[in-house]
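Chains as they are written, first to last, in my numbering: chain Y, 1 to 293; chain G, 1001 to 1267.
Simulated from the structure, these hints should not be mistaken for laboratory data. A virtual CB, placed ideally from N, CA and C, is assigned to each residue, including glycine. Wrong hints could be hidden among the right ones.
[What the hints assert, rightly or not] Negatives, chain G to chain Y, calculated, CB over 10 Å:
id, residue
1, Y1047
2, L1065
3, K1092
[Stated by the list, open to error] Label pairs and their calculated CB-CB ranges:
id, chain 1, residue 1, chain 2, residue 2, range
4, G, N1162, Y, V39, 52 to 58 Å
5, G, N1162, Y, L275, 42 to 48 Å
6, Y, L201, G, G1097, 42 to 48 Å
[Claimed, not checked] Cut-off 30 Å, straight-line C-alpha distance, at most; resulting in silico cross-link-like pairs (BS3-like, lysine-lysine):
id, chain 1, residue 1, chain 2, residue 2
7, Y, K245, G, K1070
8, G, K1045, Y, K240
9, Y, K245, Y, K78
10, Y, K240, G, K1092
11, Y, K78, Y, K240
12, G, K1045, G, K1070
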Amino acid sequence: MTTTIEPPVTVGRRFSGYLHSRPTIRLVALLSLPLFWLVVAYLGSLAVLFASAFWSVDSFTGNVNRTFTTDNIVYVLKTSVFRAVTLRTIGVAAAVTVICAVLAIPMAFFMAKVASRRAQRWLVIAVLTPLWASYLVKAYAWRTMLQNDGVLEWMGLPSPGFGLPATIITLSYLWLPFMILPIYAGLERLPDSLLDASGDLGARSFRTFRSVAFPLMLPAIAAGSIFTFSLSLGDYIAVKIVGAKTQMLGNVVYDQLLTANNLPLAAAVALIPVLVMVIYLMLMRRAGALSEL
Amino acid sequence: MTLSRGARWGLTAFMVFGLSFIYIPLSVVVINSFNIERTFGWPPKGYTLDWWAKALENTGMREALWTSVKAGLGATAIALVLGSMIAFAIHKHAWFGRNTVSFLVILPIALPGIVTGVALGAAFQAIGLEFGLLTVIIGHATFCIVLVFNNVIARLRRAGANIEEASADLGATGYQTFLYVTFPTIRTALLAGALLAFGLSFDEIVVTTFTAGAGVQTLPLWIYDNLARPNQAPIVNVVAAALVLLSIIPIYISQRIAGESAAGGRI
């Protein structure tokens, strides 16, 4: 004989039963607050930014005049300085991404497929630790590395001094772990048998790397490149610390907003990295990057 | 895998080079904090602990540190609540807007910080919200949500829905199921997300620059401000070295809670 014990019907139990039978209400309850935040606070802010690109500044009072004008956009498109800065910034972001990939691929490969299990854990820690060290401290460290009579020269290495190459080196240093980690995670999931099979079929190490491992790493490289590209695209602080007079898009936005107090022009320039990043994200989505994030 | 001797050597050499590239600049920062001279000279002519003692007494630095901790805790708390709510909603329900919401969560971190910063700053000004600690916390929370979300959703996907249904079948209320079944499952994921969120907020400078008023100075803003002042250099060196050394703490915690994944949480 079986006895069933009926749980007492309490308010709490009735309420959870009610929610269970009405998933829509539960969904709305879970989502309303976070969506309110993301849509109102974040998308709303982006909308304000977009709208302010079409406002103007009264040159006499310095106040923002909220009537629609395309003057800023036309001005940004027509002025050659903005074009040069945009191309330079995209160039820097691309160079940083390539340098990070070239350094990260062999390092991640070593960590995932060559090092012993024990060493693997320590190497991951070694690569992760600088992510927690402050951004400013790392940029500042490169100032001491690159300066006249700095550490690089003391080590007997040539220093490029402060400028565009220094900016590229420093940014590559800052974002390198963001490239290593997704590639390492991707390689860790890649079965060794695939690489062994390639060897059994007669491929040498490099051929196995080029024809088997590298194509399988591409989505992870694309995922890492979203970080390296986006973070370089908007940077203005590392440039100020090691870039001497180098100007990137971030500097222009910063100067227009905080020095010239011209929000509409700053917003118009800020739309450039947004546009570049949207195009870049769409390209990388085709490479399968978003599922690797 | 079987690698040729040359390939093995080449990869090892690359790893050594990569690790030197990562660690030489950080070591320079730590050594330099003991440099006896006021101005940077390499190698240091002598070593002293004086700057460390002076830095600990620096009130501006201590106030900035406290502001950073408050901002980090505030942003982390908001991110924990909102990030796990979205993770639950996406995990439990299939509905049309699912992919859009996942994309919306990633966007604040995928767009360059200066865009997020200028946008939030302009919006706060438009609605007349005065810049201060609150606006900094709102800004930081916006891009920290994704870190909690990523960790919690990964854990929920691995755990599956069966144990929660079992709990309900055994007569537990929704609240009891959450307290005794769901929460213990996601606890370490929440901790990993919170750690990342706090770390990101603590280090953030771009969004902070555009949302902090004149009276609010976080530690990164303090460092940036003092980088331009040569006579403050020794104190800045000490703070920089301390931040490098302190990064061992979050690494240690994340390794303790990581368990199976060595990376200790998802970016």
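Comparing the hints with the structure gives:
| no. | hint | in the structure |
| --- | --- | --- |
| 1 | Y1047 | holds, 16 Å |
| 2 | L1065 | holds, 12 Å |
| 3 | K1092 | violated, 8 Å |
| 4 | N1162/G x V39/Y: 52 to 58 Å | violated, 33 Å |
| 5 | N1162/G x L275/Y: 42 to 48 Å | holds, 45 Å |
| 6 | L201/Y x G1097/G: 42 to 48 Å | holds, 47 Å |
| 7 | K245/Y x K1070/G | violated, 35 Å |
| 8 | K1045/G x K240/Y | holds, 29 Å |
| 9 | K245/Y x K78/Y | holds, 23 Å |
| 10 | K240/Y x K1092/G | violated, 47 Å |
| 11 | K78/Y x K240/Y | holds, 26 Å |
| 12 | K1045/G x K1070/G | violated, 39 Å |
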